[in-house]
Amino acid sequence: MRTTRAQPADPAGDSGYPDHPPRMGFFTDTSVCIGCKACEVACKEWNAIPAEGLDLTGMSYDNTGGLGANTWRHVAFIEQNKPVTRPDPGLHQDQDVFTMAERGTSTGEDFRWLMSSDVCKHCTHAACLDVCPTGSLFRTEFGAVVVQEDICNGCGYCIPACPYGVIDQRKEDGRAWKCTLCYDRLGDGLEPACAKACPTDSIQFGPLEELRERAGRRVEELHEAGVADARLYGADPDDGVGGDGAFFLLLDEPEVYGLPPDPVVTTRDLPRMWRHVAGAAAALLAGTAAAFLGTGRG
Amino acid sequence: MAGRRGGEQPVVPDTEFTSYYGTPVLNPPVWKTPDIPGYLFLGGLAGASSVLAAGYHRAGRHGVATVAKTGALGAVTLSVGALVHDLGRPERFLNMLRVFKPSSPMNIGSWILTGYGPLAGVSALSAVSGKLPRIGAAATAGAALTGPALAAYTAALLSDTAVPAWHEGHRELPYLFVGSGAVAAAGLGLLAAPARAVAPARNLAVAGTALELAAFRRMERRLGMVAEPYRGGGAGRLVRAGDALSVAGVACAALGRRSRLLRGLGGAALLAASACTKWGVFKAGQASAADPKYTVIPQRQRIRAEEP
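In order, the protein sequences belong to chains E and B.
Each residue of the first sequence is one higher than the one before, counting from 4 in our numbering.
Each residue of the second sequence is one higher than the one before, counting from 2 in our numbering.
Warning: the hint list may mix true and false statements.
[As the list claims (entries may be wrong)] Below, in silico cross-link-like pairs of lysine-lysine (DSBU-like), each with a Cα-Cα straight-line distance of 35 Å or less: (1) K47/E / K102/B; (2) K47/E / K132/B; (3) K174/E / K132/B; (4) K85/E / K174/E; (5) K102/B / K85/E; (6) K102/B / K33/B; (7) K199/E / K174/E.
Derived from the structure by calculation, the hints contain no laboratory data.
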């Protein structure tokens, strides 16, 4: 199903909600993320997600590592030898926190940290949803993708299907878990816990159309301020997953943040796969029949 | 290479690409070994054996046919056992059948198993007991028609994921898988067939090996660097062992016209070859998911190719 800018994708409508609220989503503006991890904690608390213990990854200040069954929001910390640019002329106009920070911790090198809160992308064309053999994964009226935990049988098919490495299996119960866009809060008119807890509005929640406009303006603002590396990720409705319900403003290439540069919904090639499966099955039948040719009866 | 800083050794030292401390982009498949590679092998063995059994049944070679039929039933029973064992919540296997979903190869596979399994069962039970020959013949034909679907669909099961070595190989894997299934079924046939009836199993071994090898070579050429996991590490050793065993099995089958021992060795080699190939494909996929370069580099190349 092709989607164009003129005709925005309507995953909730396509999933059988004739009258549904506008598609809701996240715009995560990593240029104002301070790495406080309030989102991770708020998500854990609201969704009653089990702790993973106190492990140190040893690779950076990121001791969570990545998204998984027990981590539905994950703050990445990227340490780079790159000059600190001034990413936000609109905030803290009377205080130059970057000069302050440089004065306090300067090592004489050009060094910067990128921080970014990652989450399930709630793809327009969602591979996890497509491949789920039980119908346990479903599309909500808000356009998000949610796992019904009482139907999930733990087959784990959604996990390698996700091109972003989001959904994962919880070892204790064998079932798959991921961000629900706080479906239980949305129904009551509340915003998701992570967005509510974010102190810098790095995580913004709202109707996707509105967020995309806001994000476009923000990128222009940053470009004008000289932050040439600012770019949107997952906002393009013509990309390999039909655009994401959760998209990002990044300050470097996606792979620097552990994100795939050009993800594609795995089921895009499925019609061709089924044709090759049919061809191969026919080849087996024909080949075996041919194996009996000239071998005679009895 | 800024994303690589922070103390951890990059997984791949030579290729230029950035990643988040060398951590995988994808969450790796949680499917267990030997459950799922075993399932792939047994499904191929069962499906192709049912086709071979129908051929022997039609040719009036009931001894070999019965072995192939019972082999198919045994293999499909074990494969369902492996599948159920792999599920975290085996009591929920029936949830697979609450929907019919062509976008999910696993769901379609559950329906194929549901259709094929009882046919293979009736076919084998009728052959062993000698009762209800007409129903047994009909079930034999039914199993021969649904068996190829069982042998082939597992390729789509793997390909319809974001795992680079599986997804990118989606054109060749079905042919590779039915070739491997034919090799296994031919192996079982060689073990069972008397000298006079061995020709069809031997022909199938040759055809299956040729198809499997051709599909593999073609896939390797087309995939470029994404094919590396099929050549290196434990997966590469298994794939090479599979190739060598199938060629050795075919040779034994060709030379073993008079020698029952040689035919038996050939049959065992072919069965082992099929298992090695399926295990190798499974492991190669896991390796390609664990290394971010197989996700990042092809996608980067795709973006560059699309840029004006």
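Exercise for the section: Could you tell me which of the hints above the structure violates, numbers in ascending order? Expected result: Violated hints: 2, 3, 4, 5; rest satisfied.
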